[in-house]
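J.: Chain by chain, the residues:
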Amino acid sequence: MIADLAASFGTILMPHPLALIVLGTVLGVIVGAIPGLNGGMLVALSLPLTFGWDPLNAICLLVGEYVGSIAGGLVSATLLNIPGSPSNLMTTLDAMPMAKRGQATRALQLGVVASFIGGMVSWVALVTLSPPLAAFALRFGAHEYFALVFAAMALIALLSNGSMVRGLIAGVLGILAALPGLDPVTAQTRLTFGFDSMLGGFDLLAVLIGVFAVSQLVADAAPPKAVEIVRIRSGGLAVGLRDFVRSWFNLLRSSVIGTWVGILPGVGGSVGSIMAYAAARGMSRNPSEFGKGSEEGVLASEAANNATIGGAIIPMITMGIPGSIIDVILIAALTIHNIRPGPLLFDTNPEIVYGFMSTLLVANVVMLVFMLGALRFLARLMDVPKTYLVPVLLIFCLIGTYAVNNRLFDVWTMLAFGLIGLGFRGLRLPIAPFVIGFILTPLGEFNMRSALISSEGNWLDFFTRPIAGVFMVMGLALLAAPAVSALVKRRRARLAGTTPAPDG
Amino acid sequence: MIGTRAIAATAALGGIGLGIVVFRAGAAVPPSFLDSGFGSGLLPQCVGGALVVLSALWLLESVRGASVPVTFAAREVFRPVVLTALFAALLVNLELHLLPFYPTAAAFVFLSAVLLGARSRRGLLLAGLAALGSTLLVWVVFTQIFLVILE
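Chains as they are written, first to last, in numbering that gives the first Met the number 0: chain A, 0 to 503; chain B, 0 to 150.
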């Protein structure tokens, strides 16, 4: 494995792949720093460009964009009090107060180095955990894959922001969006309503660009709210090694939390940074400082959110289950290049597996160097007017989507799902269950029906096979958890003679 | 301010309607000898049924006020609605081959920039440059490099 990893480094450190990593990371940081634009949009828009590329080069660009966009969100979180991505939400609580008292540069540099450390810890996890996890996943058959998808979707719905009902609705709508077209087992047409264009279903790229890019761009057209921009007064290094050595435990703990949260399907950076922030505040000697400019808060949040990247890649390459919503787009990228992520990837395309590992490390280094060197430039990005960006990016969305199959139907699909994504934002429906439901449904349905064919229609096999049984019980428990929790609360309140507070 | 719970309730009712449509569409799929306990139409029926039930629960949440309210002012939706209409008009033009694509794309970028606030002389100039520059870039990249022809 070490030899393969070393060989991979040798490949991606060649001029062309290295240039793509640098380009992707820099673009990701820039896009992540501009409020109203996000990494998902950038990665989705970059997909059509990579069609004719070598898959490894595509990974170099897309992973670079992924790493850069999560880290870049720190800039707007610090200077505008607007998180560049949901992962940077907790950073705003302390970075902005630090900036207001004249420590903007210090806050940014602390965040950048913490992001790097989080990224490196999750890289170690990616390298050490992926091979044994892939070996374990090789024991999966159709029953196990369906049970895993079922548990993953139950978890995503449970952990979505807002009520579980809305999370489940989003997941069910995602499943629904994946159904039209030809049945994967019998090739019967369903839900096409007589339209020939629907025989192939909704194109994956059109849906992703619509949901991630078009919905965001149309939402950005609304009049901007007045925001205060804090300016960076001084350049130069405002942090030292001592600042990180004395916070080593906070950094390590936050990185580990972020990595483990990243492994959970569909959960992503925001939950990781929230949990790490809460842990840091709980174990801090100065908890009252949190929310008022605590450096520990900035370190915890930024280490965790970048740590989720490596963690999220683990289930993607070992089991084909996306660890975050940007991983959904990475799966789409592999699919477009006829590469199926999963345990067999280690045998069929090891260069892709080690390509992810080596690219992640190099992208983290590029992110650190670029952000530390270009903080003043990044601060200027806060002034970029969206007036000209939004329409230009919409044209790029149109062209990129059309270029996939040369079909206008795909462009209409993109617009429709863009409006659906917009509707989700307005109605506070979470996006993650929707996109993950969309991408996991073909895998789940195919495996479920294959399993039933092999077991001659016996549903009990999903529970009697050990691994499948564990996942099925886990999924059912996750679905039942909120109802059970509410019942227990009501019972306790009745015993105590009080009225329980409503959930959600 | 535009509706709050009313919008969420309307969406929930829409979900119920959609669920019924999907359920019936799934029921219309004929059985196959390969079905083995789960036919082609059964998943759409399950999804449709789940959507009806979940939407009904969401409707209850909205009516009882337990949902997070949807709140936005009419002026906040004006620009997104008009931008969407302009974009849809561009697509209709492409579908019906009314006018050449690249000039209409440039016009879309210019009009959208004006809609989003480019109304001063400098703004109009920048909008025009953005329209011409982006359209030229797209023309070069997609027709000369990727050989994608839209018309």
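For the record, the hints were derived by calculation from the structure and aren't laboratory data. The structure displayed is predicted, hence computed values, not measured ones. The C-beta atom is built at its ideal place from N, Cα and C for all residues, glycine as well. Among the hints, a few may not be true.
As the list claims (entries may be wrong) - Some chain A residues well away from chain B (every beta-carbon gap over 12 Å; in silico):
(1) V126
(2) A133
(3) R165
(4) R189
(5) L393
(6) N457
(7) A480
(8) R493
As the list claims (entries may be wrong) - With the C-beta cut set under 10 Å, the calculated list includes, among others, these residues of chain A facing chain B:
(9) M0
(10) I1
(11) A2
(12) L4
(13) A5
(14) F135
(15) L172
(16) L216
(17) I338
(18) V383
(19) Y387
(20) I452
(21) F462
(22) I466
J.: So which of those numbered hints doesn't the model satisfy?
T.: Hints 3, 4, 5, 6, 9, 10, 11, 12, 13, 14, 17, 18, 21, 22 not satisfied by this model.
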